[in-house]
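Enquirer: Hey, can you work out the whole structure from these sequences and the hints?
2 protein chains.
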Amino acid sequence: MTDAATNADAGLRTPRERARARTVADIVRLGREHLATHGAAALSLRAVARDLGVVSSAVYRYVASRDELLTLLLVDAYNDLGDAVDAAVGAKSEGDFSGRFHALGLAVREWAVREPARYGLLFGSPVPGYRAPAGRTEAPGTRVVYSLVGILDDAYRAGELAPPPADAAVVPPALAADLDAVRAGLGLAVPDSLIANGVLVWTSLFGAVSFEVFGQYGPDTFKAREDLFEHHLHVLAGLAGFRRG
Amino acid sequence: MTDAATNADAGLRTPRERARARTVADIVRLGREHLATHGAAALSLRAVARDLGVVSSAVYRYVASRDELLTLLLVDAYNDLGDAVDAAVGAKSEGDFSGRFHALGLAVREWAVREPARYGLLFGSPVPGYRAPAGRTEAPGTRVVYSLVGILDDAYRAGELAPPPADAAVVPPALAADLDAVRAGLGLAVPDSLIANGVLVWTSLFGAVSFEVFGQYGPDTFKAREDLFEHHLHVLAGLAGFRRG
DNA sequence: CGAACGTCAAGAGCAGTGCTCTCAATTGTT
DNA sequence: AACAATTGAGAGCACTGCTCTTGACGTTCG
Numbered sequence: 469m470t471d472a473a474t475n476a477d478a479g480l481r482t483p484r485e486r487a488r489a490r491t492v493a494d495i496v497r498l499g500r501e502h503l504a505t506h507g508a509a510a511l512s513l514r515a516v517a518r519d520l521g522v523v524s525s526a527v528y529r530y531v532a533s534r535d536e537l538l539t540l541l542l543v544d545a546y547n548d549l550g551d552a553v554d555a556a557v558g559a560k561s562e563g564d565f566s567g568r569f570h571a572l573g574l575a576v577r578e579w580a581v582r583e584p585a586r587y588g589l590l591f592g593s594p595v596p597g598y599r600a601p602a603g604r605t606e607a608p609g610t611r612v613v614y615s616l617v618g619i620l621d622d623a624y625r626a627g628e629l630a631p632p633p634a635d636a637a638v639v640p641p642a643l644a645a646d647l648d649a650v651r652a653g654l655g656l657a658v659p660d661s662l663i664a665n666g667v668l669v670w671t672s673l674f675g676a677v678s679f680e681v682f683g684q685y686g687p688d689t690f691k692a693r694e695d696l697f698e699h700h701l702h703v704l705a706g707l708a709g710f711r712r713g
Numbered sequence: 469m470t471d472a473a474t475n476a477d478a479g480l481r482t483p484r485e486r487a488r489a490r491t492v493a494d495i496v497r498l499g500r501e502h503l504a505t506h507g508a509a510a511l512s513l514r515a516v517a518r519d520l521g522v523v524s525s526a527v528y529r530y531v532a533s534r535d536e537l538l539t540l541l542l543v544d545a546y547n548d549l550g551d552a553v554d555a556a557v558g559a560k561s562e563g564d565f566s567g568r569f570h571a572l573g574l575a576v577r578e579w580a581v582r583e584p585a586r587y588g589l590l591f592g593s594p595v596p597g598y599r600a601p602a603g604r605t606e607a608p609g610t611r612v613v614y615s616l617v618g619i620l621d622d623a624y625r626a627g628e629l630a631p632p633p634a635d636a637a638v639v640p641p642a643l644a645a646d647l648d649a650v651r652a653g654l655g656l657a658v659p660d661s662l663i664a665n666g667v668l669v670w671t672s673l674f675g676a677v678s679f680e681v682f683g684q685y686g687p688d689t690f691k692a693r694e695d696l697f698e699h700h701l702h703v704l705a706g707l708a709g710f711r712r713g
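As given, the protein sequences belong to chains A and B, one line each in that order. Heads up, the first sequence is in this note's numbering, so the first residue is 469 and it goes up one at a time. Heads up, the second sequence is in this note's numbering, so the first residue is 469 and it goes up one at a time.
Any given hint could turn out to be false.
Covered stretches of chain A, as calculated for chain B (at least 3 residues, CB under 8 Å) [what the hints assert, rightly or not]:
| no. | stretch |
| --- | --- |
| 1 | 508-517 |
| 2 | 556-564 |
| 3 | 640-653 |
| 4 | 683-694 |
Treat the hints as calculated values from the structure; they're not laboratory data. Note that the Cβ used here is the ideal one computed from N, Cα and C, for glycine as well.
Expert: Written out as structure tokens, the structure reads:
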């Protein structure tokens, strides 16, 4: 068979190819369940094989290795998160930049709380010995941050982001070069200091979510975690440049 | 844990007890090295036993289980980070609250960059199947945040924190109750909105560090990572209430 | 001084893991 | 129906955490 035919299952004509695709999908589904219940590092191909009702070696017909399955689950999770964020952002009207920003933040937190193990796979400590293949994970892995950047840039172009405060922290030259590269690469209009603040907003958003999901707050402190997160979101919105309102 | 082992060593009379304490310390040291090179989830008691020049079952004379060793390493890492932070903060004069805040942040980042695996153990995705015994990890695990809270509270009492802006985000009642409990529990003077902002500063600090250590920035974006982090620290200082300058 | 005791390392063994290999059976295609 | 591609089963290797038994050692006490 030609290599071209093996690509993104655009064909799927023969029953064999369809059965194969379904088996791979089953493996990913079972892997996702194991991931949710036992965590990434405890993901076991043998356990997946047992649940599939098949001997362990048979799984290797469909998935090259444990790392390969991890990559599939990584892409699967990134896309699931990206879909959730896109749906939440898309539910707000196009001009409601602040609403879109808040929707994005809340969607990330909700997905993370609902899927702690998968969130941990994406944003927790890297799995030892596993190196994600950039070519397959980069696109799905950047969906959320690109969405965030898009919202902020659109808001800036619409004049809804306050200009950077005059007493803002100075941006050193090396950092300015990095920020220029980002702006050029993404075709942004926002100035340096707002890009820098945007990066902080980005990392802070996931920092707040990670603390909650990874249990860094004690078990007792902060019962009103959603309120706390929404308060953080409001402050971060101000940091991103949104005017209070 | 090194200090504790040394202290225990000094307190123990019989040669047997001292040899035992030294062996436990050796196991922790080897475990720390394995942690640094292979990651937490790949920590193997058998590998530690090999490096110790001993058969695998022998280490169970000194460490009850893999989880027990994990706990020892957790406490060891928490204290190492706490020591680094205390040293950096203590190097600034007592009245230099802003300097102490920046020193804390830089110390956390430096330790994390130097010890990525141990940082991942403390602040990354939880090790599956392992539950840290709160009684043994709570005290060392709260050293950094208590140091941070102390700095901010001292600065507020000295009148060096700007009063919360009038247009700050509203604090809902349930969250206010949580914040009141925190203030009462720690004997703080700072008002609600500054505590809330302090929590955000806390999570954002570790969010920024985690993104860098866990490789969430791409391999190419941001070459001037120290500049980026210092910029973030400046912005976070403003968020905490420090006046610019 | 010798015996009892506490401690220790070693080894075998159980159940689990990732992964490779061979072999037979099934299946789709020709 | 015949052929070839594909698949599942099973054995096997090296590894893991952990338990149990055995034999050896050193200390301590009668």
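Enquirer: Does each hint fit the structure? Answer for all of them.
Expert: Hints, one by one, checked against the model:
1. Chain B is given as covering the stretch 508-517 of chain A, and this holds because 3 residues of the stretch bring a CB closer than 8 Å to a CB of that chain, at least three being needed.
2. Given as covered by chain B, the stretch 556-564 of chain A fails the check, having 0 residues with a CB less than 8 Å from a CB of that chain where 3 are the minimum.
3. Using a Cβ-Cβ cut-off of 8 Å, 7 residues of the stretch 640-653 of chain A lie near chain B, which meets the minimum of three, so the contact claim holds.
4. Given a C-beta distance limit of less than 8 Å, the hint that chain B covers the stretch 683-694 of chain A holds, as 8 residues qualify and 3 suffice.
When each numbered hint is compared with the structure, a violation occurs for hint 2 only.
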